[in-house]
Amino acid sequence: MDPRLSEEQEILRKSARDFLTDKCPKTLVREMEKDEKGYSPELWKEIADLGWMGLAFPEEYGGGGMSSLDLAILLEEMGRVCFPGPFFSTVICGGLPILDAGSDAQKRKYLPDIISGKTIFTLALTEASGKYDAASVKVKATAENGNYIINGTKLFIPDANVADYILCVARTDDKAKKPEDGITVFIVDAKSQGISTTVLKTIARDKQCEVVFNGVKVPKENILGELNQGWGDVQKIIERAAIAKSCEMLGGMEMVLDMTVAYVKERVQFDVPVGVFQAVQHHCVYMLVEVEGSRATAYEAAWRLSTGRPYSSEAAITKAWVSDAYQRVVALGTQSHGGVSIMEDHDLPLYFRRAKAAELAFGDARFHRKTVARNLGFKV
Amino acid sequence: MDFELSPEEKAFQKEIREFLDKECNENVVAETLSLQGAGPYSKELLRKMGANRLLAPRWPEEYDGRGMGAMAEAIKVDEINSHHAPFPLDGVEIGNALLISGNEEQKKRFLPGIASGEIDIALGYTEPNAGSDIASIQLRAVEDGDHFVLNGQKIYNSEAHVCEYHWLLTRTDPTAEKKHRGLSMFIVDLKSPGITIRPLITSGGLRTNEVFYEDVHVPRENLVGEKNGGWAVIMSALYGGGGGGGLATGTKNVINTLVKYVLEEKQDADENKWIPEAMADLYVKTHVGELMGVQATAFADLKVTPPYGGGGAVSRLLSGDTRRLLYNTAMQILGPYGQLAKDSKWAPLKGEILREFMDAPRWTIVHGSQEIQKLLIATRGLGLPRK
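These protein sequence lines are chains A and B, in that order.
Using our numbering, the first residue of the first sequence is number 1, and each one after it goes up by one.
Using our numbering, the first residue of the second sequence is number 1, and each one after it goes up by one.
Possibly wrong hints are sitting among the right ones.
Stated by the list, open to error - If you only want the chain B side, here are some residues facing chain A, beta carbon under 7 Å, derived: (1) Met1; (2) Phe3; (3) Pro276; (4) Leu291; (5) Tyr308; (6) Leu376; (7) Ala378.
Stated by the list, open to error - Each pair of labels, with its calculated beta carbon distance range: (8) A:Asp345 / B:Ile372: 36 to 44 Å; (9) A:Asp271 / B:Asn103: 47 to 55 Å; (10) B:Glu143 / A:Phe270: 44 to 52 Å; (11) B:Asn328 / A:Ser196: 46 to 54 Å; (12) B:Asn328 / A:Val272: 31 to 39 Å; (13) A:Glu221 / B:Asp2: 35 to 43 Å; (14) A:Gly308 / B:Gln339: 44 to 52 Å.
To be verified - Sample of chain B residues lacking proximity to chain A, with all beta carbon distances greater than 12 Å (derived): (15) Pro60; (16) Phe87; (17) Leu99; (18) Val142; (19) Gly204; (20) Ala347.
Derived by calculation from the structure, the hints in this document are not laboratory data.
From the three backbone atoms N, C-alpha and C, an ideal C-beta is built for every residue, glycine too.
All chains should be modelled from the sequences, with the hints used to inform the complete structure.
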């Protein structure tokens, strides 16, 4: 048992933190909230050159050959600064699923461009129900002359406005007995005819989109994994994304704690720093419980993933804990700051808004507690 | 980063688990669950554990330990809890402090007895007017030639009625400018003339004690550390006890027992739909508390201060809260049956849940109340100002 990061991992953390402190100030974050694309192509190129997109991919595709645990550190640091842009969509929801389920040809075709920062990916999974279960997948793909024709609407698709490719989860057999059967994942060129994308106005202003597929033609060699057997891969994507999102959220709540502790040491009321008051101290202590709990569970899950151990159960525990924890940390941080932190131009609302968006992504606490309940033996 | 026990720790876990599976019989369990302190069966088990060097794995081999770390101690505590073997074993914790603060003669005199399960030592810190503010204790020790004369009262000294010795914090200098500078620590033979032990019973049915000292003569060689240096010894006891917690096998067993009960007894009822999620929530909290505790223990073994310095105290806060929530939820699941005592007709799950529910408030108070933990975390861990 060793809770420490390795020396290389500490170096990775420090260099990421230094870089992001310098290159990703809150002014940029706010600018990107208003920006049409939602990310800075210059910064995107810089992180590609630093090898961040390729960090966890094998060297044969141009990657850094590092682990999911190393990637967790990077995500945590990105979460600290509310890093804007399609990193998560491209790497966690695009590249890694292709590495995991793709054919050799697909890996050779797509991964090098992801790693070099040339292409942006996203995952089109959720639909009108907003849920992450198989029964909610209603978008249809119908076979026709060696191609598939996709029809239907995907909702809450991050970064689809700038994506070059979309992994589209579609129903290819609607006569299958179980909702989990008959689902296929397609790699869709986002410029294909029949795709229209509308950016939704979300609390995190993070470019979640409606993507309408209207007779979109996809060649059958663009099937990722097996025809009709896609749900297993999708579940893996959800679980891994839940872990990755938790790491990002950990970074965010750490920052809220740091900001709060620094503030209550300085803010004077009744002639003393408010951090003297036990009411405020206890807020901070409970924030620390949430943060340290999140760190323990997010890293346990990332460690299991990166060492080839089973991780489904830990992914559910992690996202269940972290989803609630981030809300509590933001609430206590806001309460400790007082009025100043509910002003739109304060940094705390940036985290407040992102905490909610992140909670809802890849299953909220309730969704994952259901999985934990199933693992305990309940039929829910 | 690594979340697994080392092969040596796993082997120790297997050994103590198998030992207790076999040796922790129903008589011992009945004594433990009675909350009346270690009885004859428990004492016998402790001696057997001692003979197998299972009681003090953290001590050096020369004192019948195994030279292992705080993690082995955590494993021991976890197995003892989940088997309902006799607990607490404050003697071992006190022995940790003796290893740091005791002299050679004291180590030779007490450690082998503790490690072999022959003797146990009760903590004697709290007094009626000194709880969290422990430096305010008043039990007076006056030096008189080759011994000290003790007068005063301690309270909530659990197991004192079944222990051989008392780890006693006394006041030797009432005029010290700072009150924590006038304290001294002794190991006192509880059979000494002038000691009276009276039972106190908690609302959860736990037998604890008040201990009265009336002109009790304690030889000088029983003074631990320096005269008026008792505060440093207390700190070493706290340090010595650092880590050592975290694993939650017992709590996870309780959750699984409840799940089984619900699946068998409460199927399909519409009003029970809340239960799976509530149990999942408890499992999540238990697991996270366990991870934090185990990591704090690992940090203690590595002699590294964890980020934010919070360590074990942070995990204890969560685990204490979770324990209360668990048994409160369990009582809600049992409904009206939950209120039935173990010897009542219709009592579910052998009355275990009610016993734990009634005992749960203790765990957020004993060994440093949650408020003290929060104070330490806030000021030492987060560096918040005291004034």
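So, going through the hints one by one against the coordinates:
1. At a threshold of 7 Å, the smallest CB-CB gap from B:Met1 to chain A is about 5 Å, leaving the interface hint in force.
2. The beta carbon of B:Phe3 is positioned within 7 Å of a beta carbon in chain A (closest approach about 5 Å), and the interface hint is therefore held.
3. Hint on B:Pro276 holds. Least Cβ distance to chain A is approximately 4 Å, under the 7 Å limit.
4. Checking B:Leu291 against chain A: minimum C-beta separation of about 4 Å stays under 7 Å; hint holds.
5. A least Cβ separation of about 6 Å between B:Tyr308 and chain A falls short of the 7 Å threshold, and the interface hint therefore holds.
6. Interface hint at B:Leu376: violated, since its Cβ lies 9 Å from the closest Cβ of chain A, which is beyond the 7 Å cut-off.
7. Of the supplied interface hints, the one on B:Ala378 holds, with its beta-carbon coming within about 4 Å of a beta-carbon of chain A, less than 7 Å.
8. The supplied range of 36 to 44 Å is met by A:Asp345 and B:Ile372, whose beta-carbon atoms lie about 39 Å from each other.
9. For the pair A:Asp271 and B:Asn103, the supplied restraint of 47 to 55 Å holds, since their beta-carbon distance comes to about 49 Å.
10. The hinted range of 44 to 52 Å is satisfied by B:Glu143 and A:Phe270, whose Cβ atoms lie roughly 46 Å apart.
11. A beta carbon spacing of about 53 Å between B:Asn328 and A:Ser196 agrees with the range 46 to 54 Å that was offered as a hint.
12. The hinted window of 31 to 39 Å between B:Asn328 and A:Val272 holds, with their beta carbons roughly 37 Å apart.
13. Separation of A:Glu221 from B:Asp2 is about 42 Å and conforms to the stated range, judged on CB atoms against 35 to 43 Å.
14. Under the hint 44 to 52 Å, the C-beta atoms of A:Gly308 and B:Gln339, about 49 Å apart, fit the expected range.
15. Every CB of chain A lies more than 12 Å from the CB of B:Pro60, the least distance being 21 Å, so the non-interface label holds.
16. At the 12 Å boundary, the C-beta of B:Phe87 stays outside the reach of chain A, the nearest C-beta of that chain being 23 Å off.
17. With a minimum CB-CB distance of about 23 Å to chain A, B:Leu99 clears the 12 Å threshold, and the non-interface call stands.
18. At the 12 Å boundary, the C-beta of B:Val142 stays outside the reach of chain A, the nearest C-beta of that chain being 38 Å off.
19. Against the 12 Å criterion, B:Gly204 stays outside the reach of chain A, whose nearest CB is about 25 Å from its own CB.
20. At the 12 Å boundary, the C-beta of B:Ala347 stays outside the reach of chain A, the nearest C-beta of that chain being 24 Å off.
In summary, the structure is inconsistent with hint 6 from the numbered list given earlier, while agreeing with all the others.
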